[in-house]
Amino acid sequence: MTHYIKIILFISLILTAGSCQKNTSLQEYLVESQEKNGFITIDIPTSFLQLKSEDVSDEVKATLESIYKINVVALPAKENQEACKIERVKLKSIFKKNKKYKILMSMKLQEMNVHVYFTGKITSLNEVIAFGYRDGLGVGVARLLGKNMNPANIITMLNKLKIDTNNLNLEQFSAIFSK
Amino acid sequence: MKKTILLLLFVTTPIVLTAQSLFDSLEDLKGVDMVVVTKDAFDLISKFKNIKIEDNEGMKVFEMIQDLKEFKMFSTNDAKVATIMGELVNASIKNQNLTELMRIKDDTSRVKIYVKTTKNKDFVSEVLMFVKGLGKKTNKVSEAVIVSLIGSIDINKISELADTF
Chain A
1452 MTHYIKIILF
1462 ISLILTAGSC
1472 QKNTSLQEYL
1482 VESQEKNGFI
1492 TIDIPTSFLQ
1502 LKSEDVSDEV
1512 KATLESIYKI
1522 NVVALPAKEN
1532 QEACKIERVK
1542 LKSIFKKNKK
1552 YKILMSMKLQ
1562 EMNVHVYFTG
1572 KITSLNEVIA
1582 FGYRDGLGVG
1592 VARLLGKNMN
1602 PANIITMLNK
1612 LKIDTNNLNL
1622 EQFSAIFSK
Chain B
4 MKKTILLLLF
14 VTTPIVLTAQ
24 SLFDSLEDLK
34 GVDMVVVTKD
44 AFDLISKFKN
54 IKIEDNEGMK
64 VFEMIQDLKE
74 FKMFSTNDAK
84 VATIMGELVN
94 ASIKNQNLTE
104 LMRIKDDTSR
114 VKIYVKTTKN
124 KDFVSEVLMF
134 VKGLGKKTNK
144 VSEAVIVSLI
154 GSIDINKISE
164 LADTF
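As you go down the protein sequences, you meet chains A and B in turn. Under the numbering used here, the first residue of the first sequence carries the number 1452, and numbering increases by one thereafter. Under the numbering used here, the first residue of the second sequence carries the number 4, and numbering increases by one thereafter.
The set of hints was computed from the structure by calculation and includes no laboratory data. The C-beta atom is built at its ideal place from N, Cα and C for all residues, glycine as well. A few of these clues could be false.
Pairwise CB distance ranges (calculated) [as the list claims (entries may be wrong)]:
(1) B:S49 to A:N1531: 38 to 48 Å
(2) B:K5 to A:I1493: 52 to 62 Å
(3) A:D1494 to B:K108: 49 to 59 Å
If you only want the chain B side, here are some residues facing chain A, beta carbon under 8 Å, derived [as the list claims (entries may be wrong)]:
(4) V39
(5) V40
(6) D43
(7) D46
(8) L47
(9) K50
(10) K122
Work the whole structure out from these sequences, hints included.
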């Protein structure tokens, strides 16, 4: 009896391991796109928001530390309509095949499509992703990456924060735009 | 006995699921504007209780309804698509066994609201609203809006909803 159970467990383990094939994740897509021609890529780490350390409470610090960065990858249609279609299909497939990407909302207004996804849990988000495309305009994806981000805390933090614009490091800012 | 029940459940679940996604085919048509908000999004919004959010129709709808699972809205200014929408609405009514709650008619539009009743008289599990706009001269369907709500909805608040559209 136990012998059979062991065989069944073993087989199911193999089957599940096999089905966890490497589906391209969004992270891989974002990295690959850095090298491609015609793509606009933006990478903003939250350390860019330099805050006066006396002004912030520990809670705000912790909340800010939960947010790592924002990535944006976009391909304008003027570069290549065909390429836009290919990228759109790739991205759609990434979101469809990977169960970790959960849909938050979808919108289509005047032929502009936007889908918003997240990973993790609603109270403990790891990524928030906006995927948009429009025939003739292009395709793009923006991702907010963090770890266990709590939306309520983030909103509270944004309300409390006063970003001193004199302190913003503008040199850092221009460096993040590539191509 | 248990096995037949389980089997029945397995067979019927897909039917229920596909009915909900009846309107999804509209997404790919040109000339259709659409908004779909999932339960997770409503959960997320509910976390922002103490924050002032710009008042828009979506928020009004959410505030009026507790335990909402899904909000879908499709609209079009294309007469052909409007006709398709009408057909999908009729199919959905049959599929989901919806009953008519109210009908409103004025010079340029027809509004029909259907619901799926539950054991509790004050609540319905689904609301389907179909607004047809008629061209002034042709008196034929020229535009249409479908609003679909799934969740636990207070019937008394639905007429307020109809006003916002």
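Each hint tested on the structure:
1. Take S49 (chain B) and N1531 (chain A): their Cβ atoms lie about 43 Å apart, and the range 38 to 48 Å holds.
2. Between K5 (chain B) and I1493 (chain A) the beta carbon distance is about 57 Å. The supplied range of 52 to 62 Å therefore holds.
3. Distance hint check for D1494 (chain A) and K108 (chain B): the Cβ-Cβ separation is about 56 Å, which falls inside the suggested range of 49 to 59 Å.
4. Among the interface hints, the one on V39 (chain B) holds; its C-beta lies about 4 Å from the nearest C-beta in chain A, closer than the 8 Å criterion.
5. A cut of 8 Å between beta carbons decides the hint on V40 (chain B): the least distance to chain A is about 5 Å, and the hint holds.
6. Nearest Cβ of chain A to the Cβ of D43 (chain B): about 6 Å, under the 8 Å cut. The hint holds.
7. With a cut of 8 Å, the hint placing D46 (chain B) at the interface with chain A holds, because the nearest CB-to-CB distance is about 5 Å.
8. For L47 (chain B), the interface hint holds, since its Cβ comes within 8 Å of a Cβ in chain A; the closest pair sits about 5 Å apart.
9. For the restraint placing K50 (chain B) at the interface with chain A, the shortest Cβ-Cβ distance is roughly 4 Å, inside the 8 Å limit, so the hint holds.
10. For the restraint placing K122 (chain B) at the interface with chain A, the shortest Cβ-Cβ distance is roughly 29 Å, beyond the 8 Å limit, so the hint is violated.
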